[in-house]
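Each chain is listed here by its residues.
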Amino acid sequence: MPDVAIIGVGLHPFGRYPGKPALTMGAEAARLALADAGVAWTDVDFAVGGSYEVDQPDAVVAEIGLTGLPFTNVYNGCATAGSALALAKQQIELGEHRIGLVLGLDKHEGGAFTADPTSYAAPEWYGEMGLFLTTKFFGMKINRYMHDHGITQQTLARVAAKAYANGAINPQAFRRKALSEEEILASRMLNFPLTHYMFCTPDEGAAAVVVCDAAIAHRYTDTPVYLRSVATRTRRYGAFEVHGTSAAIEHVPAPTVDAAKAAYEAAGIGPEEVQIAQLQDTDAGNEVMHMAEVGLCADGEQNDLIAAGATTITGRIPVNTDGGLIANGEPVGASGLRQVHELVTQMRGRAGDRQMPTVPRVGVAQLYGAPGVAAVSILTR
Amino acid sequence: MPDVAIIGVGLHPFGRYPGKPALTMGAEAARLALADAGVAWTDVDFAVGGSYEVDQPDAVVAEIGLTGLPFTNVYNGCATAGSALALAKQQIELGEHRIGLVLGLDKHEGGAFTADPTSYAAPEWYGEMGLFLTTKFFGMKINRYMHDHGITQQTLARVAAKAYANGAINPQAFRRKALSEEEILASRMLNFPLTHYMFCTPDEGAAAVVVCDAAIAHRYTDTPVYLRSVATRTRRYGAFEVHGTSAAIEHVPAPTVDAAKAAYEAAGIGPEEVQIAQLQDTDAGNEVMHMAEVGLCADGEQNDLIAAGATTITGRIPVNTDGGLIANGEPVGASGLRQVHELVTQMRGRAGDRQMPTVPRVGVAQLYGAPGVAAVSILTR
Amino acid sequence: MAGVPIADGLFTWPSDEPRLIGGSCGRCGALSFPRRAGCPRCGASGPVEHLIGARGTLWTWTSQGFAPKEPFNGAIGEGGLGVPWYVGLVEIPGEIRVEALLTGVSEEDLRIGMPLRLVVVPWRTDDEGREVVTFAFAPDPDGQRSSETEEVGARA
Amino acid sequence: MAGVPIADGLFTWPSDEPRLIGGSCGRCGALSFPRRAGCPRCGASGPVEHLIGARGTLWTWTSQGFAPKEPFNGAIGEGGLGVPWYVGLVEIPGEIRVEALLTGVSEEDLRIGMPLRLVVVPWRTDDEGREVVTFAFAPDPDGQRSSETEEVGARA
Ligand SMILES: [Zn+2]
Ligand SMILES: [Zn+2]
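Protein chains in written order, with full-length UniProt numbering: chain A, 1 to 381; chain B, 1 to 381; chain C, 1 to 156; chain D, 1 to 156.
Quick caveat, the hints were computed from the structure, so don't treat them as lab data.
For every residue, glycine included, the Cβ atom is placed at its ideal position computed from N, Cα and C.
It is possible that some hints are incorrect.
What the hints assert, rightly or not - Okay, the calculated beta carbon distance ranges per label pair: (1) B/Thr314 <-> D/Thr125: 58 to 64 angstroms; (2) B/Pro18 <-> D/Gly29: 51 to 57 angstroms; (3) A/Ala40 <-> D/Leu51: 24 to 30 angstroms.
Stated by the list, open to error - From the structure, some residues in chain A lie toward chain C, with a derived Cβ separation under 8 angstroms: (4) Pro123; (5) Gly127; (6) Ala186; (7) Met189; (8) Phe192.
Said to hold, decoys possible - Once the Cα atoms are required to be at most 20 angstroms apart in a straight line, the calculated EDC-like pairs of lysine to aspartate or glutamate come out as: (9) A/Lys261 <-> B/Asp353; (10) A/Lys261 <-> B/Asp45; (11) B/Lys261 <-> B/Glu273; (12) D/Lys69 <-> B/Asp116; (13) C/Lys69 <-> A/Asp116; (14) D/Lys69 <-> B/Glu124; (15) A/Lys20 <-> D/Asp8; (16) B/Lys261 <-> A/Glu96; (17) A/Lys20 <-> B/Asp116.
Kindly produce the complete structure, drawing on both the sequences and the hints.
This is how it looks when you write it as structure tokens:
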């Protein structure tokens, strides 16, 4: 079965672009990724797209060329990029196609998401009672985690401060102003223990990745990065999840734990080998919990690790080196491909001011979203 | 590489169900398909969902069981089921999974679709001028086709009358009243030459299919139907397509032609072997053109074939034996799986009043939708 | 108290001792709330009605520092929810954890493990002038803290 | 005629002989309308401006028997579009086919192959009271029918 290589990445920086359609941003990201790979669009065999706001990202072919290729759109909330990468990987592994484009694009214009609870299998009264909100779930999840494992609110502030610090040295970030832990703690309390500056915001942007059969990667690049595995999982009965009206007392791990286990196993790589991680930091609490869920540390070790700077760019296991969701915002369909863009950029040693001192060999990207789906990808160079 | 078998199908009849959420209909269709296959949900390794109205059909797990399985949502407009089947087939062929559920569900409450033109890569002025409509494209396409190939409006009326006649003997159809060709021709002209009764309407419903590695199909059924191939394609430059502000003078075939060619080739089966067809009949003109596009006849032969009853249930090559979109309506995400439901039902000889006299061995299902995507699947028993 | 429940089949009403109406799976025994058409663990259809215990402890909680958007239809401020308001996951011992609004609490006295009891509270006045009621959990002075009350961590 | 175009870069205006503004690909030569950031055939970026011929023939057409919904913002009825109104694909010989509203036509005289010419027509009055204009195609008494005028089929 062919290995899969990433030979090009492209990013339309995340932020606010009034009047600029999502598909236009998507076309720009696609062009950048193709140019980075040195691949002509007419040589691409298939494509996969992901977006929340745009039902059919494949419509981008009107902008980048009507070549007739198969172009499948996928959507799994915040984990969309995981599903897209998995599908692309499968198509190359089957040998039917050799070169593919994976594209994410979105445009969320201000404010939180609104939706019909019944479209998420939640009852109508759940929405009427004001419970159909993702952020309050994150507050409840980290509050219990802090209780069980002694994580402090100071640790949450440190995570957010790191995100803004990384954003400040990333020319493509949305939030480019460093914020102190004090400023973060003093900002408005949104969902105890999470303050305003501990959250990311929905925004706009696009990201693209060109993948190919690893056997032909050398034609395009001297620095291929290999997509070793992608695993996606939904929640099991007993996991405490978004939009859950109830949860079982029997406790089972979160879907990220299941996805990570499957991804490590498929890659033949253990979490102790990971040198850089991109984790879903919808808020600072999520980054803390996801560190343990993907096996980078044991539950409760985060206080000391983070206080010691282990997750900063010069630390032992840098997390969200480009500022993550907190500094980049989250255009849902594109967010996970921004993670891959950053891993590839670091693994190629091209991250500029935010380059890790030692170019990493093994990276992990993790996504989590409503209504309880996770994706974990392992990359190596 | 494993062959892929369909071992169960389930249908929540299409129609209007005020107050009933799409996911509830999806859960019912999934249960029916699982019961038909004799498979427990806990034995299903993966799932694929498709829907227009519900962003994340995977939320159905709250109704049918939180087993933690990977559940990918896909969306390619009217061709969604093709993308979903293709993805399911790939996962089984890769050998990672053995049993999968493919689920489509939707709930369109009255009226035509509205959307933002820029989400389909069409300019804003195109919508402001009233051009962002799919039905007028279908009127223009069949009008030119009639000009080039001598198809008559009477032929269009015959196609619609056949759809209503088949619907009348299908207990699960939405439109169950036979209509005469005269009534169809006399109904209001919507988009010349297409009258009101020549069009399908958006509605609500769900359909599900259980697929497995053919090597284990005998554990579940004596009448497996094999999914020989699925091909999906987008439009090429030169094809005359929905939401096109312009078209090239150089003419290339429609995406259905490309998808059909790829599907026949992959299946090792030619169009002359097809004994039953389910074609995208968004309107009667589409059925006429799609007959030729999937190779069931040459351009222009439709007048005589249809006048002779060749596409009726007792004809040489029955088309849309369950009444198609015209008699069932189109819940977009579910529509293509209804086609598969009907092919499987006919191939098992269980279609009751509408059963073909000779149980068919080879069937084709074809989908086409905005902004110019097509899917063709080949099934055999 | 009178009033129309916010939804049918959600809690026993009218009642002096209202209970939440859950489902119990005939195949695997899993409990769920509210009762659905299928079992959330094994997928078996038709869980049977199960009245959930009215007393429990707070498993986790958070505050809600901004008013929710549609489809929220309760009142905010005077006579309605305060801002911030509070929501928690309440563990009913040996049964299930239920997500619910918390009433009669403040950030200062909320503690994981504190005893709570089910109450039915006014929610809104509907278009026909009827009082709509819903369920919430309130501090239970007669209850016991859960056995795992010790907080490992401290607030910053 | 005065008026503000419905969109920038769509047609040359004001002008006695307006032309649609298309794009021509520097790599493969493909034409497109309107001009986009990329070539719809090969994907090369930056097609250059190409003024499309103002005369053509009707490649196909249909009627529109119901008023379109938003984002349609023109007038229906008095002084606006009639119902039904007409739309077609107009072939500009040797260049491209353009989708457009048809004006000054009725179902009786519409024929595939008939000669048409570009016109700029009133569309609506905007919020500031300005007349907005757009493009359409109208019968061209000086034009030639296309060479493939023969209709194989007949209307029912
Ligand atoms: Zn059960
Ligand atoms: Zn070109």
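Tell me, which hint numbers fail for this structure?
-> Going through the list in order, the structure violates hints 6 and 9 and respects the others.
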